[in-house]
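Chemist: Those protein sequences? They're chains A and B, same order as listed.
Heads up: the first sequence at position 85 corresponds to 85 in the UniProt record's numbering, and the numbers run straight through without jumps.
Heads up: the second sequence at position 750 corresponds to 750 in the UniProt record's numbering, and the numbers run straight through without jumps.
Heads up, a few of these hints could be off.
What the hints assert, rightly or not - In silico DSS-like cross-links for lysine-lysine, where the CA-CA straight-line distance does not exceed 25 Å: (1) K164(B) / K583(B); (2) K96(A) / K548(B); (3) K650(B) / K96(A); (4) K583(B) / K650(B); (5) K157(B) / K106(B); (6) K468(B) / K106(B); (7) K23(B) / K96(A); (8) K467(B) / K106(B); (9) K23(B) / K157(B).
To be verified - Far from chain A, by Cβ distances over 10 Å, these chain B residues were calculated: (10) F603; (11) G731; (12) A750.
No wet-lab data here; the hints were simulated from the structure.
No residue lacks a Cβ here, since even glycine has one placed at the ideal position from N, Cα and C.
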Amino acid sequence: MESLILLLVGVLVAVATYLILSRQLLRVILGTAVLSHAAHLLILTMGGLKKGDVPLLGESDGPYTDALPQALILTAIVISFAVTAFVLVLGYRVYKTNGTGNFDELRGRPDE
Amino acid sequence: MAILFLAILFPFICAALVSLLHKRLRRIAHLGWFILPIPLIIFLFLIQYIPQIAEGKTLIHTYKWIPSFHINFTTYLDGLSMIFGLLITGVGSLVILYSIFYLSTKESLHHFYCYLLLFMGAMLGVVFSDNLMVLYTFWELTSVSSFLLIAFWHHRKASRAGAKKAMMITVFGGLSMLAGFLMLYVAADTFSIRGIVATLDIVSQHALFIPALICILLGAFTKSAQFPFHIWLPDAMEAPTPVSAYLHSATMVKAGIYLVARFSPIFGGEAIWFWLVSGIGLITLFWGSFNAVRQIDLKALLAYSTISQLGLIMSLFGLGSVGHYYGYADSTLLYTQASFAALFHLINHSTFKGALFMMVGIVDHEAGTRDIRRLGGLMALMPITFTIAVIGSFSMAGLPPFNGFLSKEMFFAAVLAIRDVEAFSIADIGLLFPMVAWVASIFTFVYSMILISRTFLGRFQPERLDKKPHEAPFGMLISPIILCVLVVGIFLFPNLIGHYLLQPAMASIYPSFPSISELTPHISAWHGFNMELVMTIGVVIIGTVLYKTLKSWQPLYRLFSQRYTFNAYYNQALSFAESGSTKLTNRYMTGNLTHYFIYIYVFFIALIAGYFIWSDAMVLRVTRDAAVESHELILVFVMMFAALWIVFAKGRVTAMLLNGVLGYSIAFFFVIFRAPDLALTQLVVESVTTALFLLCFKYLPDLMPEQKQRKARWSHVTISILVGATVTLVGLAVVHYERFESIATYFNDAYELAGGSNIVNTILGDFRAFDTMLEVVVLLIAGLGVYTLTKLKPRKGEADNEN
Chain A
1 MESLILLLVG VLVAVATYLI LSRQLLRVIL GTAVLSHAAH LLILTMGGLK KGDVPLLGES
61 DGPYTDALPQ ALILTAIVIS FAVTAFVLVL GYRVYKTNGT GNFDELRGRP DE
Chain B
1 MAILFLAILF PFICAALVSL LHKRLRRIAH LGWFILPIPL IIFLFLIQYI PQIAEGKTLI
61 HTYKWIPSFH INFTTYLDGL SMIFGLLITG VGSLVILYSI FYLSTKESLH HFYCYLLLFM
121 GAMLGVVFSD NLMVLYTFWE LTSVSSFLLI AFWHHRKASR AGAKKAMMIT VFGGLSMLAG
181 FLMLYVAADT FSIRGIVATL DIVSQHALFI PALICILLGA FTKSAQFPFH IWLPDAMEAP
241 TPVSAYLHSA TMVKAGIYLV ARFSPIFGGE AIWFWLVSGI GLITLFWGSF NAVRQIDLKA
301 LLAYSTISQL GLIMSLFGLG SVGHYYGYAD STLLYTQASF AALFHLINHS TFKGALFMMV
361 GIVDHEAGTR DIRRLGGLMA LMPITFTIAV IGSFSMAGLP PFNGFLSKEM FFAAVLAIRD
421 VEAFSIADIG LLFPMVAWVA SIFTFVYSMI LISRTFLGRF QPERLDKKPH EAPFGMLISP
481 IILCVLVVGI FLFPNLIGHY LLQPAMASIY PSFPSISELT PHISAWHGFN MELVMTIGVV
541 IIGTVLYKTL KSWQPLYRLF SQRYTFNAYY NQALSFAESG STKLTNRYMT GNLTHYFIYI
601 YVFFIALIAG YFIWSDAMVL RVTRDAAVES HELILVFVMM FAALWIVFAK GRVTAMLLNG
661 VLGYSIAFFF VIFRAPDLAL TQLVVESVTT ALFLLCFKYL PDLMPEQKQR KARWSHVTIS
721 ILVGATVTLV GLAVVHYERF ESIATYFNDA YELAGGSNIV NTILGDFRAF DTMLEVVVLL
781 IAGLGVYTLT KLKPRKGEAD NEN
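In isolation and in its complexed conformation, chain A is listed as follows (with noise of 0.2 Å):
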């Protein structure tokens, strides 16, 4: 099982990896939130999958599962949806400004 949700997160990680290098902002948007869910499944992932029960005590008497990559994760959801939703709202202002939402356009002057 590990080994093929570590597959996911590699085919996971390739594709954001390619919407990231393209030129166009939303596509890079895209790219982070992709990114994002295979970070999430990789931390969770390394604390070993279903070796436990779920991590409530007095539910069953173990062995849990490990809780600290969970613990993690849920930081991290949070997070990278605050990070999503900023990216997201800079693309829109970056578009509202500057007309385009093309890298190639997006240069600046030569002279900087």
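Following the hints, position chain B against chain A.
Modeler: The following block gives chain B in isolation, referenced to the frame of chain A:
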């Protein structure tokens, strides 16, 4: 002896105070009056140790700084550092006194004195440090303060250019010296100079010993303006004259000589040391004096003369290093005399050259020019300045009754003695040494005469001067007069200096010799009608003839084309470096975000995947994996399919919905992998994100078909696949790595430790509560950012593309 440590820090503290208090102090008097006591106090403080040092004692104090790196602040006072310490503070006091009258109160004096004090402290640090790293730090600090002082009149282009040149060359040498120091550290396992001298037998066998020697000499040669690095010194004359007198003649340029003297116990026995130090020294001596004759600016003339005299001292230390080769014996006296003459001339040069610089400053100040074509006939108008000039120049030319005569005679004796040395196959070209020395001395005589006669004799040309020249105010004359008194005084009582200053310094240069008193020759003005005296008489006769016929042979200089000077090479190298680095930087800093991402990814792949392959860290134990069930397999394929589809998606809504598929699938995985909290959060967040995307789509442009070129597309695909593969590889290696225990069991006591039965919640709310708090801060900042970006209106007058 911790007080020596304070002596180094004192100027630095005062420099800080000057910057803070200058406004208040300026109202009372010229700022220089408050600065003057600082070097004077240190000077007087050093003087009281002279008797102890003369008895052969040394004072040492160690303040542990970074002991784990062997870097300690070790102050060390012996004969050699005493001479330099007295020069730095003594000449420093005189220069500050002189500057009070030279610089008007309208100048930004607090900057000037702040830099000057910085320099003084740094210079004291160089000569009193035993630790190589501390020495290096202070060494570079002298370069920096010299840069600031040369560029003091920074509105002048020439000042800035001169400062940059001095900085480039001396810092280049400094870095090379640092490399040499590190090599020595590798060889000796200590940064202490005394420590290296003590373990010399082992150190000198090390393979890095000779490279270290060359690197350290590069540092010394650049600092002391030795051929071909001398080009920075004439340009440094753009500094105010007190600075030229202080840094660029009496002290800083002698730091390289100090370094050579300090390291001659370590490297002295090597043939390459002898050839480099004495050879480069002699070439510099000749080249400097030869070029001084052609100068028309008095300060440029003095600059070349300083280069030449530094070469003389340098070559003497080179000749003296033969003494290290032969070790302690009666016959060695012949060679150690050279080192003695070097130390002696070092002091003498500081006295007469300091006086001459101040004299030129006075002429410049009173007549408004330093151009010898416009000067002349000032003798009657400025009699005291004229006297100073005569004393300084005659001493420089090596004439009695001035101290330069004594050291020049000793120099001749040393080059004559070196003819017959068997070591280093010197004897083959031994005759060259006295010949070059003699020719250079003739030129020295010629430019000394030019200095006097073109300025003070000849026809007075008031119509070509901007000001009406008159004698300088008395205050300006005090310092050069004191130096001239020293010039004569040292001639009359040379052995006083010999006993109290030079002899203990000789002990520092030849620490392995059991007895030093035999190494100290008795200096006398008259020692019979010998070869040295014949050479001096020859210098005077031929020098006079050459001076009289100057007009007929000076055109010779035009044969040296301006295109092939070292300055031209320096400028070419500089402009080449500038245009080259601009080209190189422009090549990769394209301003294209995609290119920057490519650099990051390629670096990531090379570093991480490269390291994994190199270290053979790949682990794959699929057998220990949890079992895969069919619905999980379907979910995995759904995600892979959705991810790949995003790449090919035509519309933005499709792409966004596919991203939603990924997010909800992950929520399913969280359920499967026993993470209910995550699943809930993921569902909420994914819904909100999707809504946000949809909201923004109202304003964002639709996806364009990707217009990547075929080549770029394939390179992007390759990079993407490699990055994905690297992450998978690292993940596999980590998840199958079982060298140490998981810390997860610690949290199984969550109920006892934190009073919660949901482990994930206790981690977030208790064990790692600060993380969660800062996470909320991140959310807050992101929220603020979103709010501002949506509400922000362009200022009036700025272009707004919103339709």
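Chemist: Compare the structure with each hint and give your call.
Modeler: Hints, one by one, checked against the model:
1. K164(B) / K583(B): Holds: K164(B) and K583(B) sit about 22 Å apart, inside 25 Å.
2. K96(A) / K548(B): violated (83 Å)
3. K650(B) / K96(A): holds (23 Å)
4. K583(B) / K650(B): Violated, at about 40 Å.
5. K157(B) / K106(B): At roughly 20 Å apart (the allowed maximum being 25 Å), K106(B) and K157(B) satisfy the hint.
6. K468(B) / K106(B): holds (22 Å)
7. K23(B) / K96(A): Since the Cα atoms of K23(B) and K96(A) sit roughly 52 Å apart, the hinted pair is violated (cutoff 25 Å).
8. K467(B) / K106(B): holds (20 Å)
9. K23(B) / K157(B): violated (29 Å)
10. F603: holds (13 Å)
11. G731: violated (4 Å)
12. A750: violated (6 Å)
In this structure, the earlier hints numbered 2, 4, 7, 9, 11, 12 are contradicted, and the remaining ones agree with it.
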